[in-house]
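Colleague: Each chain, written out:
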Amino acid sequence: GAVVSQHPSWVICKSGTSVKIECRSLDFQATTMFWYRQFPKQSLMLMATSNEGSKATYEQGVEKDKFLINHASLTLSTLTVTSAHPEDSSFYICSAIRGTMAGLNTGELFFGEGSRLTVL
Amino acid sequence: EDQVTQSPEALRLQEGESSSLNCSYTVSGLRGLFWYRQDPGKGPEFLFTLYSAGEEKEKERLKATLTKKESFLHITAPKPEDSATYLCAVQARSGYALNFGKGTSLLVTP
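Residue numbers (the working numbering), protein chains in the order written: chain A, 16 to 135; chain B, 316 to 425.
Please keep in mind that the hints were generated in silico from the structure rather than gathered at the bench. All C-beta atoms in this analysis are idealised placements derived from N, C-alpha and C, irrespective of residue type, glycine included. Treat the hints with caution; some may be incorrect.
[What the hints assert, rightly or not] With a straight-line Cα cutoff of 30 angstroms, these simulated DSBU-like cross-link-like pairs (lysine-lysine) come out: (1) B:Lys372 <-> A:Lys81; (2) A:Lys70 <-> A:Lys35; (3) B:Lys357 <-> A:Lys70.
[Stated by the list, open to error] Output of the computed footprint for chain A on chain B, the stretches with three or more beta carbons under 8 angstroms from beta carbons of chain A: (4) 355 to 363; (5) 389 to 395.
Full structure from sequences and hints, please.
Modeller: Written out as structure tokens, the structure reads:
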């Protein structure tokens, strides 16, 4: 099956620093990728939709200047948490659609393994 | 606003003890309802998509059903390897984003 890889799988950083998380589609091209955040025992919350070659679309309440998304190629999207604070500690998960948006309905949406961020 | 509520929050079953997980939803025009499995510290793994009331889908010991207000994930004769969190998500016709429930944490003991 298709694979979506996230790196790093976990990261610990000091408050005030910036952290970059990468999301790669390893064996397919992904025009659209999604970034989610998941707090313990909570649901996945969509943060933003990342489209290759254009600006990301952020969900209401998500600060675009704090969570910078760059989808510079068809296989890579990055999420940078700027000036991280302890409340940003969470499990960040990306997903990518293989093919067109219609692929969502046929199981062609693949999730990465997630990146656990801990801000001290 | 779309809402997805899953119950129970946690379920403990003995191996072979069949049960059902519930996903109640409200959405302004359903494009699809999704079931995913998530293991601890991992990303969700796709199981099913259901599109319209009355639809059913099966995969090994799992069977998903859909009505206009809820979906059930039936687990028949579960095994310990079925232990995971099962997530339900809805997709509205107005967009492509998935709105997830909090999940049901299933533990199957030998």
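Colleague: With reference to the structure, classify each hint as holding or not holding.
Modeller: Verification of the supplied hints:
no.: 1; hint: B:Lys372 <-> A:Lys81; in the structure: 41 angstroms, violated
no.: 2; hint: A:Lys70 <-> A:Lys35; in the structure: 17 angstroms, holds
no.: 3; hint: B:Lys357 <-> A:Lys70; in the structure: 28 angstroms, holds
no.: 4; hint: 355 to 363; in the structure: holds (count 6)
no.: 5; hint: 389 to 395; in the structure: violated (count 0)
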